[in-house]
Amino acid sequence: MSQSSTRADFVVFDRVQKSYDGETLVVKDLNLSIGKGEFLTMLGPSGSGKTTCLMMLAGFETATHGDILLDGKPINNISPHKRGIGMVFQNYALFPHMTIAENLSFPLEVRKMGRSEREERVQRALDLVQMGEFGGRRPAQLSGGQQQRVALTRALVFEPDLVLMDEPLGALDKQLRETMQFEIKRIADDLGITVVYVTHDQTEALTMSDRVAVFEDGRIQQLAPPDELYEAPKNSFVAQFIGENNTLEGVVQEINGDVALVKLDDDSLIDAKPVNVSAAGERTTVSIRPERVEINPDLGADAHTLKADVLEFIYMGDVFRTRLRVAGNDNFIVKTRNRADQARLEPGTQVDIGWLPQDCRALDA
Amino acid sequence: MADQTAQAGPVLAADGTPLKRSLARALRLSKLRALALIAPLLIFVLVTFIAPIADMLFRSVENQIVSETLPRTTAALADWDTSSGTAPDEPVFRALAEDFQIAVANKDHTKLGSRLNYEKTGISSLFRKTGRKAKKFDLAADTNWKAEFEDIDEDWLDPEMWQVIKTYSPALTSGYFLNSIDRQKTSEGSEWRPDNQQIYLKLFWRTLVMSIVITCTCILLGYPVAWLLANLPARSANLLMILVLLPFWTSLLVRTSAWKVMLQQQGVVNDTLVWYHSTFVGKMLDPVITFLLNIAIGLLNGLLWVWNLLSGAWGAVDVELFTYAVAGFERLALINNVTGTIIAMTHILLPFMILPLYSVMATISPVYLRAAKSMGATNWTAFWRVYFPQSIPGIGAGSILVFILAIGYYITPEIVGGTKGVFISNRIAYHISSSLNWGLAAALGAILLAAVLLLYWAYDRIVGIDNVKLGG
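Residue numbers (my numbering), protein chains in the order written: chain A, 71 to 435; chain B, 8 to 479.
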């Protein structure tokens, strides 16, 4: 497969549709190319179709329409066990009646690998995740994190080119989850494998991925690297789903190149960057990240600012989180860094807020 | 931690009493309440289940009737040498005369007669005959009692008769147990019964083998059904579950009788077969199938020959399971033999296999199969290496349940088993209700109980009873 290692289309979904009941489409017209060695995350709320896509790729569901190609070959009619795709399941799916070593040895056994080579590979794999002494134990005797590592190792031990992960960290506590995120990323990079990772946790998606596909309603809403996804969401669903976000409703007054003038519902005016609005008179939702809002800004004479009432001030250690009422929205959040000179806003006072026009994105209503 | 280990003596509660004692006091009330809740059932079980079983088990060794009815005779017999080959002397006959007169007054001699008749036929009528004369015995007169008894019946001079009385004079006897393993008690110990009277070992062995066969057929038939139950969508699974439970709502007798209708010589199955043979397809296929069947039966009979060879130590087992089919497509003998018992009991015990299997399978996540397949296992490998081992606790639970139910089954073999397909329990029932030899019935039952407990123990040692799951 070395000749295809540089291909940008190692995995291809070509106009894939999936319906379970013949009435509604769970996946609607999915087109996606995944490059060799890429770490791609499918992110979305439950019911958005992301797991179905993964299962179609693994071969446990068949596409109702369209082709899925792996390394250039259509795999729709290839049964799961012939696809050679590693998979990590949500609750690990370690076989409870086998020891850890037997679990790891299973994929090698079904490939008819010799006993000595099998044992050597299993030991090497266990050492790789620092679990050398645990080979003789049963899955139930391990902690969640250890089981997670074994499940990961089991999916990798037969050296697949593509590994699928279905919310593998969902059952772990926060701290372990963060450690494992980096570990999975490191192993994936070291081995140069292609990973398709499904999660509903956006932090996980942003931390680990080369690219993230945001799913909603059976479609990819945006496919982009994490930074682009966060900073330049293409529509209001993505803006809302990724990170914390303030929204204000209004009507576009005029579009002037890179800046749109938006009249909010309380008649105040703001500047925004037009993203998917095209003409004056359209309704829009403008979106601003809490950390890009400036309090009592100094943005120049012609910049628009808004009056805001301070409702609540929360001390969170590294940041201050202030809840404001802005243009009738009671849930307008501002995050400010905890600096020595940073003022703490008192509830009941009124402040001016503003932002650079490029930080404020005018999206679909 | 350091505080506790440093502290000597028991841990104390806040008021200074030892913590263990105050804990016990705190829990006592709730324990009493729990006991009160189960008390009605506990008493019910004790009175109606445990006590009768204990009583029956005691009957298997109890033998007071001889020494109670003939106290003087058994005492006088102590000096008699059983191997002398002659009847005892005059003092024994005098004691017998005294005992008989009292026994006749109490009407006990007939009971003793039928008791001893189990050991030697003819004693019952001898006792009744003697009883009629005993009323006229004049104990004060100086009679030669030996001659008197000889006059009544010369059997009284038969030393074998006296051997039986002496052998069974102790209050406890091993005679019933010896009987139930085809041996008989003699004055010197015990010996095998004549070959034509040996039935019980054969029956025990047949019961065991047939129970195993029934358990195996239940596994084979129940496993796929349980798998479907556990893996179908809820709606179809519920319907299937109702079908599985349906037999529970039908009387056992009705179901067994239905099998009689199905399987008998002029029954549904045979009539259908006869009709099939008369059709064109039947006429074309019959020679082919007969040929194939004969080959298969030849092989099976070869196996059976080996089986009979191996089980020869237990007395030949009547495995004639396959002989009927060699003749081709006659009406099949499906009932009043081993086949009938196996078919009907498999059907009746099947739910007891399916339900434990299902409850274990329902806990096996389908993700395991997917995981196995994602690692490159074929459907069969995934099933055999991953799913099947996890379902073994269900097989274990179902097998124990079916096997223990089967080994003590009575009604179905009684109705469809004929003479060749009956179980040991049918023999027990016969002794309880027809021959009234309760002691022997108790001994047979005790052996059956011991065998079940032994198998249960062996199962625990080999598989581990913890591995048996009825669900969860």
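Hints in this document: simulated from the structure, not taken from any laboratory.
Backbone N, C-alpha and C define an ideal beta-carbon position, used for all residues, glycine too.
One or more of the hints may lead you astray.
[What the hints assert, rightly or not] Pulled a few chain A residues facing chain B out of the computed Cβ check, cut under 10 angstroms:
#	residue
1	Gly129
2	Gly154
3	Ile155
4	Gly156
5	Tyr162
6	Met168
7	Phe176
8	Ala225
9	Val227
10	Leu331
11	Val345
12	Asn346
13	Ala350
Cross-check of the supplied hints:
Of the supplied interface hints, the one on glycine 129 (chain A) holds, with its beta-carbon coming within about 8 angstroms of a beta-carbon of chain B, less than 10 angstroms. At its closest, the beta carbon of glycine 154 (chain A) sits 7 angstroms from a beta carbon of chain B; the interface hint therefore holds under the 10 angstroms criterion. Taking 10 angstroms as the C-beta cut-off, the interface hint given for isoleucine 155 (chain A) holds, the closest approach to chain B being about 6 angstroms. For the restraint placing glycine 156 (chain A) at the interface with chain B, the shortest Cβ-Cβ distance is roughly 7 angstroms, inside the 10 angstroms limit, so the hint holds.
Interface hint at tyrosine 162 (chain A): satisfied, since its Cβ lies 9 angstroms from the closest Cβ of chain B, which is below the 10 angstroms cut-off. At a threshold of 10 angstroms, the smallest CB-CB gap from methionine 168 (chain A) to chain B is about 8 angstroms, leaving the interface hint in force. At its closest, the beta carbon of phenylalanine 176 (chain A) sits 6 angstroms from a beta carbon of chain B; the interface hint therefore holds under the 10 angstroms criterion. For the restraint placing alanine 225 (chain A) at the interface with chain B, the shortest Cβ-Cβ distance is roughly 8 angstroms, inside the 10 angstroms limit, so the hint holds.
For valine 227 (chain A), the interface hint holds, the least distance from its beta-carbon to any beta-carbon of chain B being 9 angstroms, beneath 10 angstroms. At a threshold of 10 angstroms, the smallest CB-CB gap from leucine 331 (chain A) to chain B is about 54 angstroms, leaving the interface hint violated. Look at valine 345 (chain A): its Cβ only gets to about 40 angstroms from chain B, farther than 10 angstroms, so that hint breaks. Here the hint on asparagine 346 (chain A) is broken, as its CB sits about 39 angstroms from the closest CB of chain B, past 10 angstroms.
This hint is violated: alanine 350 (chain A) has a C-beta 54 angstroms from the nearest C-beta of chain B, more than the 10 angstroms allowed.
In the structure shown, a violation is registered for the earlier hints numbered 10, 11, 12, 13, in ascending order.
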